[in-house]
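Protein chains: 2
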Amino acid sequence: MGRWEPNARGRLEQAALELYRERGFEQTTAAQIAQRAGLTERTFFRHYADKREVLFAGAHLLEEAFVDALSHTPKTAAPIDAMASVLETISAVFLERHEFSRQRQAVIVANAELRERELIKLASLSKALAATFRSRGVSDPAASLTAEAGIAVFKIGFERWVDEDGDRQLADFLRESLAELKVVAAGR
Amino acid sequence: MGRWEPNARGRLEQAALELYRERGFEQTTAAQIAQRAGLTERTFFRHYADKREVLFAGAHLLEEAFVDALSHTPKTAAPIDAMASVLETISAVFLERHEFSRQRQAVIVANAELRERELIKLASLSKALAATFRSRGVSDPAASLTAEAGIAVFKIGFERWVDEDGDRQLADFLRESLAELKVVAAGR
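If you read the sequences in order, they're chains L and V. Under our numbering, the first residue of the first sequence is numbered 1, with each subsequent residue one higher. Under our numbering, the first residue of the second sequence is numbered 1, with each subsequent residue one higher.
Don't take every hint at face value.
[Said to hold, decoys possible] Just so you have them, the derived chain V footprint on chain L, three or more residues with Cβ under 8 Å:
id, stretch
1, 70–80
2, 114–127
3, 169–180
In short, the hints are calculated from the structure, not lab data. Even glycine gets a Cβ: it sits at the ideal position worked out from N, Cα and C.
Please model the complete structure; the sequences and the hints are all you need to start from.
Written out as structure tokens, the structure is:
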């Protein structure tokens, strides 16, 4: 192991996003990211397996946070209310992450491979939530439908949040998106 | 162009599904599929670009059918009712396809790359439906949420249909899945 580099991960993340936006994801190398961050390539690979992982390193933690939040809602809650509570909890993860999320989204939208990876991440989230609902006694198709609907609400609320410049929090967009889903499903 | 082969496409499709299930998708070649179908490799490539396309050749037509069905619902219908009508229309496409769909699903579930391709297909369907809703004057997030919810209903109803041996049609499963989504969204 090399010497300790203060906030190496944050510096690599920021450098990667800058380069992905300037040159495109395909055209950027790990060596260039390390150089921009003032670190060695060796340090890059100590933190990330490859340049794609800079964008998806948080996926596993996000999935854990979703499942954990669902596990902590009362079992007596209706599945959609449990989902609403999960979305509130998850919003806190992104409190200081608006600028990062916005930059990351721009990189992902610009690249087909990354868009596909993002879809797979969301599908995995949905599957994990459905399994958690089932383990709490919600039967299918309700378990799967609540999970799919919840992730759709998250995806659409999130996209609207990163598109906006204002001070509104992710939680506001997720609440709005969930309310709209309820209106839609009620046929209004 | 070679000589005309009666039902070459259907024979290749059936041979491919047999081999994918016997040997696995990865271990099967286009030459083996052609041989099993009693056709030449040249004939295979006249019908399909590669072995994956045997499973996804219908994706483009399915998307067209979804968009076309939505375009033919009355603009005065609530989006979720338009979606219900689309799902009824789409069910007809699968009337004689239960056995094929069941075999295809087994192949897809067994292979990570194919599962990802299937997710991308569904995401593309959802995007096309959302755009069609917007072109009909439904604003976002309602347009995107109805499309996402509709595709979730399709996905889950479809999976339940291929899992079942009985005589019930896809339309029954889609109706059931949509009804359950409404129950879930209403918080019951």
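Hints broken by the structure, by number, lowest first? none
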